[in-house]
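Trainee: If you read the sequences in order, they're chains A and B. Just so we're aligned, residue 1 is where the first sequence starts under full-length UniProt numbering, counting upward by one. Just so we're aligned, residue 1 is where the second sequence starts under full-length UniProt numbering, counting upward by one.
Don't read these hints as lab results, they were simulated from the structure. The beta carbon of each residue, even a glycine, is placed where N, CA and C say it ideally should be. Don't take every hint at face value.
Stated by the list, open to error - Covered stretches of chain A (chain B as the covering partner; in silico rule of three or more C-beta atoms under 8 Å from a C-beta of chain B): (1) 85-94; (2) 122-129; (3) 431-440; (4) 463-470; (5) 474-487.
2 protein chains.
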Amino acid sequence: MGAESVWSVDPRTGERRGNEPVAVVSGPAAVDAAVRAAHAALPALADRARRAALLRAAAERLHAAGPELVAAADAETALGAPRLTGELARTVFQLRYFAGLVDDAAGPGGFLDVRRDSADPALAPPRPDLYRVKVPLGVVGVFAASNFPFAFSVPGGDTASALAAGCPVVVKAHPDHPETSERAVAALRDAAREVGLPEGTIGLVHGFEAGPELVRHPLVAGVGFTGSPRGGRALFDLAATRPRPIPFHGELGSVNPVLVTGAGLAAPGAGEELARGLAGSFTLGMGQFCTKPGLVLVPAGAAGDAFEKALADATAQAPAGVLLDARMRDAFLTGFARRAGLADVQTLAPAGPAATPDAPQAVRAGVLSVPARAALRGSHEALLEECFGPATVLVRYADAAEADAVLARLDGCLTATLHTPATDPDATARLAALARFAGRVLFGGWPTGVAVADAMHHGGPYPASTSTSTSVGATAVERWLRPVSFQTVPEELLPR
Amino acid sequence: MGAESVWSVDPRTGERRGNEPVAVVSGPAAVDAAVRAAHAALPALADRARRAALLRAAAERLHAAGPELVAAADAETALGAPRLTGELARTVFQLRYFAGLVDDAAGPGGFLDVRRDSADPALAPPRPDLYRVKVPLGVVGVFAASNFPFAFSVPGGDTASALAAGCPVVVKAHPDHPETSERAVAALRDAAREVGLPEGTIGLVHGFEAGPELVRHPLVAGVGFTGSPRGGRALFDLAATRPRPIPFHGELGSVNPVLVTGAGLAAPGAGEELARGLAGSFTLGMGQFCTKPGLVLVPAGAAGDAFEKALADATAQAPAGVLLDARMRDAFLTGFARRAGLADVQTLAPAGPAATPDAPQAVRAGVLSVPARAALRGSHEALLEECFGPATVLVRYADAAEADAVLARLDGCLTATLHTPATDPDATARLAALARFAGRVLFGGWPTGVAVADAMHHGGPYPASTSTSTSVGATAVERWLRPVSFQTVPEELLPR
Numbered sequence: 001m002g003a004e005s006v007w008s009v010d011p012r013t014g015e016r017r018g019n020e021p022v023a024v025v026s027g028p029a030a031v032d033a034a035v036r037a038a039h040a041a042l043p044a045l046a047d048r049a050r051r052a053a054l055l056r057a058a059a060e061r062l063h064a065a066g067p068e069l070v071a072a073a074d075a076e077t078a079l080g081a082p083r084l085t086g087e088l089a090r091t092v093f094q095l096r097y098f099a100g101l102v103d104d105a106a107g108p109g110g111f112l113d114v115r116r117d118s119a120d121p122a123l124a125p126p127r128p129d130l131y132r133v134k135v136p137l138g139v140v141g142v143f144a145a146s147n148f149p150f151a152f153s154v155p156g157g158d159t160a161s162a163l164a165a166g167c168p169v170v171v172k173a174h175p176d177h178p179e180t181s182e183r184a185v186a187a188l189r190d191a192a193r194e195v196g197l198p199e200g201t202i203g204l205v206h207g208f209e210a211g212p213e214l215v216r217h218p219l220v221a222g223v224g225f226t227g228s229p230r231g232g233r234a235l236f237d238l239a240a241t242r243p244r245p246i247p248f249h250g251e252l253g254s255v256n257p258v259l260v261t262g263a264g265l266a267a268p269g270a271g272e273e274l275a276r277g278l279a280g281s282f283t284l285g286m287g288q289f290c291t292k293p294g295l296v297l298v299p300a301g302a303a304g305d306a307f308e309k310a311l312a313d314a315t316a317q318a319p320a321g322v323l324l325d326a327r328m329r330d331a332f333l334t335g336f337a338r339r340a341g342l343a344d345v346q347t348l349a350p351a352g353p354a355a356t357p358d359a360p361q362a363v364r365a366g367v368l369s370v371p372a373r374a375a376l377r378g379s380h381e382a383l384l385e386e387c388f389g390p391a392t393v394l395v396r397y398a399d400a401a402e403a404d405a406v407l408a409r410l411d412g413c414l415t416a417t418l419h420t421p422a423t424d425p426d427a428t429a430r431l432a433a434l435a436r437f438a439g440r441v442l443f444g445g446w447p448t449g450v451a452v453a454d455a456m457h458h459g460g461p462y463p464a465s466t467s468t469s470t471s472v473g474a475t476a477v478e479r480w481l482r483p484v485s486f487q488t489v490p491e492e493l494l495p496r
Numbered sequence: 001m002g003a004e005s006v007w008s009v010d011p012r013t014g015e016r017r018g019n020e021p022v023a024v025v026s027g028p029a030a031v032d033a034a035v036r037a038a039h040a041a042l043p044a045l046a047d048r049a050r051r052a053a054l055l056r057a058a059a060e061r062l063h064a065a066g067p068e069l070v071a072a073a074d075a076e077t078a079l080g081a082p083r084l085t086g087e088l089a090r091t092v093f094q095l096r097y098f099a100g101l102v103d104d105a106a107g108p109g110g111f112l113d114v115r116r117d118s119a120d121p122a123l124a125p126p127r128p129d130l131y132r133v134k135v136p137l138g139v140v141g142v143f144a145a146s147n148f149p150f151a152f153s154v155p156g157g158d159t160a161s162a163l164a165a166g167c168p169v170v171v172k173a174h175p176d177h178p179e180t181s182e183r184a185v186a187a188l189r190d191a192a193r194e195v196g197l198p199e200g201t202i203g204l205v206h207g208f209e210a211g212p213e214l215v216r217h218p219l220v221a222g223v224g225f226t227g228s229p230r231g232g233r234a235l236f237d238l239a240a241t242r243p244r245p246i247p248f249h250g251e252l253g254s255v256n257p258v259l260v261t262g263a264g265l266a267a268p269g270a271g272e273e274l275a276r277g278l279a280g281s282f283t284l285g286m287g288q289f290c291t292k293p294g295l296v297l298v299p300a301g302a303a304g305d306a307f308e309k310a311l312a313d314a315t316a317q318a319p320a321g322v323l324l325d326a327r328m329r330d331a332f333l334t335g336f337a338r339r340a341g342l343a344d345v346q347t348l349a350p351a352g353p354a355a356t357p358d359a360p361q362a363v364r365a366g367v368l369s370v371p372a373r374a375a376l377r378g379s380h381e382a383l384l385e386e387c388f389g390p391a392t393v394l395v396r397y398a399d400a401a402e403a404d405a406v407l408a409r410l411d412g413c414l415t416a417t418l419h420t421p422a423t424d425p426d427a428t429a430r431l432a433a434l435a436r437f438a439g440r441v442l443f444g445g446w447p448t449g450v451a452v453a454d455a456m457h458h459g460g461p462y463p464a465s466t467s468t469s470t471s472v473g474a475t476a477v478e479r480w481l482r483p484v485s486f487q488t489v490p491e492e493l494l495p496r
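The following block holds chain A by itself, in its conformation from the complex:
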């Protein structure tokens, strides 16, 4: 009996691509082999200069392979060449960015977070010489996301930050882009070989069962995950119930509320501009962003009505498109229809199938509207939860108390956005209220687009994240390190 095949599928048609599978499902032995090979690479990765070289070589090779990578990713995800070209550029930038962090790791503000104390026998208790530094956790398991075949997948932020920390990686490929995954891991492994690191530094496994196998493996020391609440929670539970539990840094979904105040709609043309901006943001990448604004609080009354109309118009003009796979398409259409069918919910723009000859699986975006008091009913909970895909829900509130009541019902979020003038006397209080349940708070603008930056935080209270960490930006590397204090160790014997 041979191993099960892994096929690449064209989401535009739902058909398999080519006559050959692109990989085979990884059984327990294959997962074990990948983890052991990664573990064997740990000592070699202790050399920081080599780690930085690996990240730069990987960036170089991914950039060089750009056309082939983008073509494969577009064929598998239908995200389109322009978006995927941009995503690959981001991924290349991110690898170089983490290489720079490795260069600076031992300096002030560097991620080794070195702290020193000199002996002081007069203190109570007496203080010895102490040197604290961070060390790599060990092998990191990475679960690739469906919606970012580069930036949150094989060569993405989890992999880059783990390698920067000195942790070898085994990636569980997402079934929506196995060919892209194979091409990307080949580039990474070539880069490893080029800089004299073992190929096992980066492993790749395929298949549903490989996921739990990876999380349970005794040599896996931490996990990064981007995906759905259901899948993420199941793996979180596995990580927590191991004989030796390990950190599970999961990003599980977010509704990303936007609060538009009356004053935010007051300026001439403000409503139309916001409506255009929102339509662009919630349909970006066919709404398949973890930061998609999925719930927009809009005041009741004429200005809000005009905003609704402008949004319906802008949405009607958004091009139809294809979702990542058939399961997501079904979940999107079913989820939208279920919400649309709730009492007092009005459909401003109907999501639905929008087949073309080239893309029989295409869909169009949708917008719903509901009064806040209806949204607060127990029966209407789905309106306050993420609907993955190009849909958003307007919640019309009569007063600030109603808006606050809706916000108080939300789960933890990656982002929350406020649209109000800077002169709003309540602006500070509103921002503070949004920070209570979100990891990134925007004043104006839209939450889609997550900069790779020192001050970025991409995470939030559960279920946005399963930990207090970020998966994007400089501090993402902290997830894969633990501190060690060296006490009264002679200078010449301290780790570099």
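Add chain B to chain A, keeping to what the hints say.
Mentor: Frame of chain A, contents of chain B only:
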């Protein structure tokens, strides 16, 4: 039906103290009330100057109440006035230390960990203005330890670091010192009132069932725990299986190995000095330290034999003493006898009852010795695990490979100690090997005594800790914070 009573017990006699209970068991309603009162204090604690004032006022009041606190703690724990006076001084120092960290929180290296990025539209992806800062998690549940009625209990490091972070606290008192807990919380609440904070800022609950109740409470956002592997793991599991899981920072036990090399015993008198030092360390506080050296790797041969003899002599001279409670006394005597009865285990000093008229429950310290190859047998696993109380196990190794094999079998540890000359050519490699499973690595000296310092790390791989955090030192405060990024927020609207 009234609430169940909580009595203070004299461990020297095993009898109840006084004619009145010191508290009542906290039922679900009492736990809920304490958590809600703490949650209501969150906004007031946002004022950092007030937090610092609270910590300083608490230090002042605990210092002033020193004689009464020490008398109560000695009566309940038998740890002795000198040790408890020192522990209280440490606790007072620790509160002031965290007050200083609050003063400096917003500055460079401060725990708010502020990071800023200015907009750069030329990057891919473009970077907006970003301001990242850390905010308090919410109400923190603290589980007091048996063995440190001050420093790791009501007014201890978890409480001090949580308050420093801006998190109100509800402490689950340890049943070994309920009177001390009541006195300490009164001092803390008086301090809160003095600085204009609600008394609910610090709550106290009693009773076994109050523990799970606290961990499950929806308004509890994080937990600090110091205690046994069994109790800690049960609570960790509860925290992980909540609908919204919360961070559980538990310290669950550690065997704290010491590696003595042949060269470490070579200098004249070195063995005798090490033996005296070890005897002092493993019997300190009747061996009831989480950092007690419980396993000592000693080379086979004449120098090791002389060390054994010197240790047996030093242990015989150690005074008998009383353990924290009857359950621990039973577990210690049973655990020692079980280990002593294993094949090829030699008893160098017999632990056992050592009653005096004043302290009928007193015990004496014990030492076992076993060849490394015997210790590696599956049947002998208990020798590689913590035995709480004044006992240590010498493991005699024939060569470095045997010593390494024993170290490789150990669970994660809080500390690991190396005794070898600085000229040992393998010293660096040995330190690195110890850092693989320990959170603090000592070159010489003994692991008991944990300085409150910027560079301290008191934690280690599971089960030493359930997370990568420390419960002592400056970075302990990181456990109770999460980052938030503010994007394109005008300067004047940013949180202070």
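Trainee: Can you confirm whether chain B covers the stretch 431-440 of chain A, using C-beta to C-beta distances below 8 Å and requiring at least three such residues?
Mentor: Per the Cβ count (6), the hint holds.
Trainee: The stretch 85-94 of chain A covered by chain B? Criterion: 3 or more residues, Cβ-Cβ distance below 8 Å.
Mentor: holds (count 4)
Trainee: Quick check: the stretch 474-487 of chain A, covered by chain B? Criterion 3+ residues, Cβ under 8 Å.
Mentor: Since three or more residues must qualify, the claim that chain B covers the stretch 474-487 of chain A holds, with 9 doing so at under 8 Å.
Trainee: Between the stretch 463-470 of chain A and chain B, are there enough contacts, at least three residues with CB-CB distance under 8 Å, for the coverage claim to hold?
Mentor: Check passed, 5 qualifying residues.
Trainee: Go check the stretch 122-129 of chain A versus chain B for me, would you? Three or more residues, Cβ under 8 Å, otherwise it fails.
Mentor: Coverage by chain B holds for the stretch 122-129 of chain A (6 residues, Cβ < 8 Å).
Violation of the numbered hints given earlier is absent; every hint is satisfied by the structure.
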